[in-house]
Amino acid sequence: MSLGEVALVLVIIIIAAVIGLPAIKGTLIEMRVPAVADELQRFMSRTRVLGEGDSVTPYASVSNEQNLVPALRDSSVFKVTDTTVSHRLGGSGVGTDGTISLAPAALGGGAMGSAFSLTLTNVNIKACPVLASTLNAVSETMSVNGTTVKALGDNNDTGSYNPVTAQNLCTKGDSNTFVFATR
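In our numbering, each residue's number is its place in the sequence shown (first place is 1) plus 553.
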């Protein structure tokens with residue numbers, strides 16, 4: 554094999570890699586969604602149980618450091634540091650890019666801390682709407698890129714969710730933000 558043939562083969566491999574890597578990344582992200590959603594469902598369910606009691610604001614002091622990080626530290630699904638949880642569905646996982654944040658929330662006329670929310674930043678479009686559809690069961694409200702896709706219904710009952718609406722709100726790349734809230 555001559556040097557020219559070797560160079561041609563290398564060029565073909567490089568072109569195939571440039572074209573194929575985004576598709577491979579998308580497939581890997583799609584494969585991670587069920588595991589991420591399962592872990593988040595467990596976390597949200599456990600947190601709801603811990604909030605049962607006489608307080609009207611049981612979630613007023615929830616935070617990443619005190620609640621989210623310890624609960625997910627041993628997970629093989631997320632990348633967890635002392636202060637952040639990276640969801641690995643897009644973004645870099647550094648700072649607030651590609652991470653999960655836990656915060657107090659207010660739902661149905663309740664005070665701040667009567668509910669809690671999980672915000673996932675920089676989620677890849679390949680995770681849409683499967684992530685939202687899976688977390689629908691444990692979320693009372695949801696938004697995709699700032700637009701509500703599930704709101705409280707009449708008398709603060711859980712409202713309806715439309716996965717097609719969620720899909721239509723998602724944008725290409727790692728640029729989607731999801732907020733799931735419950736009490």
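Honestly, the hints are just simulated from the structure, not real lab data.
Model, not experiment: these values are computed from the prediction.
A few of these clues could be false.
[Said to hold, decoys possible] Simulated pairs of lysine-lysine, BS3-like, Cα-Cα distance not exceeding 30 Å:
#1 Lys578 to Lys632
#2 Lys725 to Lys578
#3 Lys725 to Lys632
Going through the hints against the structure:
no.	hint	result
1	Lys578 to Lys632	holds (17 Å)
2	Lys725 to Lys578	holds (13 Å)
3	Lys725 to Lys632	holds (23 Å)
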